[in-house]
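2 protein chains.
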Amino acid sequence: MSNAAALPPVGSEVAPCCPPLTERPLTAEEAERTARMFKALGDPVRLRLFSAVASHAGGEACVCDISDVGVSQPTVSHHLKKLKEAGLLSSERRGTWVYYRVEPAVLAAMGAILTKAAGG
Amino acid sequence: MSNAAALPPVGSEVAPCCPPLTERPLTAEEAERTARMFKALGDPVRLRLFSAVASHAGGEACVCDISDVGVSQPTVSHHLKKLKEAGLLSSERRGTWVYYRVEPAVLAAMGAILTKAAGG
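So the protein lines, in turn, are chains A and B.
Throughout the first sequence, residue numbering follows UniProt numbering, covering 1 to 120 in sequence.
Throughout the second sequence, residue numbering follows UniProt numbering, covering 1 to 120 in sequence.
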């Protein structure tokens, strides 16, 4: 799959849809969409890679930037794709490499679901 | 397993340990602990049950309060135990029923990891 220059429209399909968890029980559909994002962060290696991208200079990183998590480059690529499919990263190809960047709006919405729940 | 009256000391073992995801790559140990909590919310049924507890009157609920998620009572109990093991719920037995309550500090810390990441 070659993603040319433009960023894919990540938000529409995968952005958090849901009220704070204290407000009312989620519907099945809401839970399906939201659980998908939490699940993406529910793997230790994937979470480490996510933090490596999020904390990288410039807020983006390619596979070539990430070497110290102790997994092979194909494994890194696999996990970054999973994070992208979950809507947590966007990507852009530049030359040889695909650069990944955190989707701030999605993370902020996930955080708000939890943080407001905590206040309730 | 009978949990008598007192709440278990949830925080010490399972509370989030980690800086915002933008600050630096998580260590393997930090990722292990944090991923565990995200994973617990990464199942749609479990997430619905969690929101049912979090949004229930008084901020707590027992299995007897949750009937509309479309899964059996043993399944509800199973998932609530998993959420407790992940540190997201605490529990207290009163008579026949175990009551579950959201752990606000844990949720707030999870939210902060994400929300600060989003701002970074």
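Everything labelled a hint here was simulated from the structure, so no lab data went into it.
All values reported here derive from a predicted model rather than from experimental measurement.
Ideal Cβ placement from N, Cα and C applies to all residues, glycine included.
Please note that the accuracy of each hint is not assured.
Straight-line alpha carbon distances no greater than 30 Å define the calculated DSS-like cross-link-like pairs of lysine-lysine that follow [to be verified]: (1) Lys82/A to Lys81/B; (2) Lys82/A to Lys39/B; (3) Lys82/A to Lys39/A; (4) Lys39/A to Lys81/B; (5) Lys39/A to Lys116/B; (6) Lys82/B to Lys39/A; (7) Lys116/B to Lys82/A; (8) Lys39/B to Lys82/B; (9) Lys81/A to Lys82/B; (10) Lys116/A to Lys81/B; (11) Lys82/A to Lys116/A; (12) Lys82/B to Lys116/B; (13) Lys116/A to Lys39/A; (14) Lys82/B to Lys116/A; (15) Lys116/B to Lys39/B; (16) Lys39/B to Lys116/A; (17) Lys39/A to Lys39/B; (18) Lys81/A to Lys39/B; (19) Lys39/B to Lys81/B; (20) Lys116/B to Lys116/A; (21) Lys82/B to Lys82/A; (22) Lys39/A to Lys81/A; (23) Lys116/B to Lys81/A.
Stretch-level coverage of chain A by chain B, calculated; a stretch enters the list once three of its residues show a Cβ under 8 Å from a Cβ in chain B [what the hints assert, rightly or not]: (24) 40-49; (25) 75-89.
Worksheet item: Which of the stated hints cannot be reconciled with the structure, identified by number in ascending sequence?
Response: Hint check: 25 fails alone, others pass.
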